[in-house]
Amino acid sequence: KAGVTQTPRYLIKTRGQQVTLSCSPISGHRSVSWYQQTPGQGLQFLFEYFSETQRNKGNFPGRFSGRQFSNSRSEMNVSTLELGDSALYLCASSPPTDTQYFGPGTRLTVL
Amino acid sequence: KNEVEQSPQNLTAQEGEFITINCSYSVGISALHWLQQHPGGGIVSLFMLSSGKKKHGRLIATINIQEKHSSLHITASHPRDSAVYICAVYRGDNNDMRFGAGTRLTVKP
Numbered sequence: 074k075a076g077v078t079q080t081p082r083y084l085i086k087t088r089g090q091q092v093t094l095s096c097s098p099i100s101g102h103r104s105v106s107w108y109q110q111t112p113g114q115g116l117q118f119l120f121e122y123f124s125e126t127q128r129n130k131g132n133f134p135g136r137f138s139g140r141q142f143s144n145s146r147s148e149m150n151v152s153t154l155e156l157g158d159s160a161l162y163l164c165a166s167s168p169p170t171d172t173q174y175f176g177p178g179t180r181l182t183v184l
Numbered sequence: 002k003n004e005v006e007q008s009p010q011n012l013t014a015q016e017g018e019f020i021t022i023n024c025s026y027s028v029g030i031s032a033l034h035w036l037q038q039h040p041g042g043g044i045v046s047l048f049m050l051s052s053g054k055k056k057h058g059r060l061i062a063t064i065n066i067q068e069k070h071s072s073l074h075i076t077a078s079h080p081r082d083s084a085v086y087i088c089a090v091y092r093g094d095n096n097d098m099r100f101g102a103g104t105r106l107t108v109k110p
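Chains as they are written, first to last, in the numbering used here: chain V, 74 to 184; chain H, 2 to 110.
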């Protein structure tokens, strides 16, 4: 099976812009979770989608949003980018009640 | 205080040594996850466990739910084990996860 794929792998944006990141889960996985990793805060949970519904959300401002499509692919959007949004954004997919499989991440740099 | 605490933060070992990384948590969990992250960012899931012990090759993970503590052991360590090891806990029966700060392991030949 192909692994979790994320696009793009690298992205440079400027403050105030918005960005959309994409995640394609492993075939058959219906749960997709998103995480942010920064040197200062480490790994933090953003949100999780299951069958097109947001099932849980971490403690991030409303500028961070996401959605999941019927084929389980997921997108994450960040509006009005701030310098502090520079991070590695990871997505992970999982079958029910099983471990998560992480994608390679999208490294976002906000200038 | 962080909900998930790992120790040590940094660990340097000689090839062949037995290594232990500890994780303590303060919240109720449904499962605990050990992750490995190599330079470059890729994360690999090592174990997910909710009780007892699991073994995979030279890696062993244990969890004590009553004491809210888990350990990751690496036997006969090798330089390729050099990575950051991250403990993560699942709160409740959903995928709301909390992460430890990670333990940076360096194994010298």
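These are computed hints drawn from the structure, not numbers from a lab.
Treat the hints with care, since some could be wrong.
[Claimed, not checked] Every beta carbon over 12 Å from chain V, so not counted as near; a handful from chain H, in silico:
1) N3
2) E16
3) F19
4) H34
5) Q38
6) G43
7) M49
8) H74
9) H79
10) P80
11) A89
12) R99
[Unchecked claim] To give an idea of the chain H side of the interface with chain V (calculated C-beta under 10 Å), a few residues:
13) F48
14) F100
15) P110
[Claimed, not checked] Derived Cβ-Cβ restraints for the label pairs, each shown as a range:
16) K55/H <-> Q90/V: 39 to 49 Å
17) H57/H <-> Q127/V: 40 to 50 Å
18) T87/V <-> G53/H: 33 to 43 Å
19) K86/V <-> K55/H: 22 to 32 Å
20) S124/V <-> G17/H: 45 to 55 Å
21) I66/H <-> G89/V: 43 to 53 Å
22) V28/H <-> Q127/V: 39 to 49 Å
23) T78/V <-> A77/H: 49 to 59 Å
24) V28/H <-> L156/V: 25 to 35 Å
25) K56/H <-> Q90/V: 14 to 24 Å
26) T78/V <-> T107/H: 43 to 53 Å
Every value quoted in this text rests on a predicted model; they were computed, and no experiment measured them.
For each residue, glycine too, the CB sits at the ideal point set by N, CA and C.
*asked:* Against the range 39 to 49 Å, how does the distance between the Cβ atoms of K55/H and Q90/V compare: consistent or not?
replied: holds (44 Å)
Is the nearest Cβ of chain V still more than 12 Å from the Cβ of H74/H?
The claim holds: H74/H sits with its nearest Cβ about 19 Å from chain V, beyond 12 Å.
Least C-beta distance from R99/H to chain V larger than 12 Å:
The assertion about R99/H is violated, with a minimum of 7 Å to chain V.
> Can we trust that H79/H is non-interface, i.e. its beta-carbon lies farther than 12 Å from all of chain V?
Replying inline: About 22 Å separates H79/H from the closest Cβ of chain V, which puts it past 12 Å; holds.
TODO: Could you tell me whether the CB distance from K56/H to Q90/V stays inside 14 to 24 Å?
DONE: violated (48 Å)
Subject >> Closest CB of chain V to the CB of M49/H still more than 12 Å away >> reply: With a cut-off of 12 Å, M49/H comes too close to chain V, as the shortest Cβ separation is near 4 Å.
Is the shortest C-beta separation between F48/H and chain V less than 10 Å? holds (8 Å)
I66/H paired with G89/V, Cβ distance criterion 43 to 53 Å
Since I66/H and G89/V have Cβ atoms about 47 Å apart, the given range 43 to 53 Å holds.
### Query
In terms of Cβ atoms, is chain V entirely out of 12 Å range of E16/H?
holds (27 Å)
(Q) Given a cut of 10 Å on the nearest C-beta pair, is the interface hint for F100/H held or broken against chain V? (A) Holds, about 4 Å.
Q. Would you say the C-beta atoms of T78/V and A77/H sit inside 49 to 59 Å of each other?
A. violated (34 Å)
Q | Range hint compliance [Cβ, S124/V to G17/H, 45 to 55 Å] | A | With a Cβ separation near 48 Å, S124/V and G17/H satisfy 45 to 55 Å, so the hint holds.
In summary, the numbered hints that this structure violates are 1, 4, 5, 6, 7, 11, 12, 15, 17, 18, 19, 22, 23, 25, 26.
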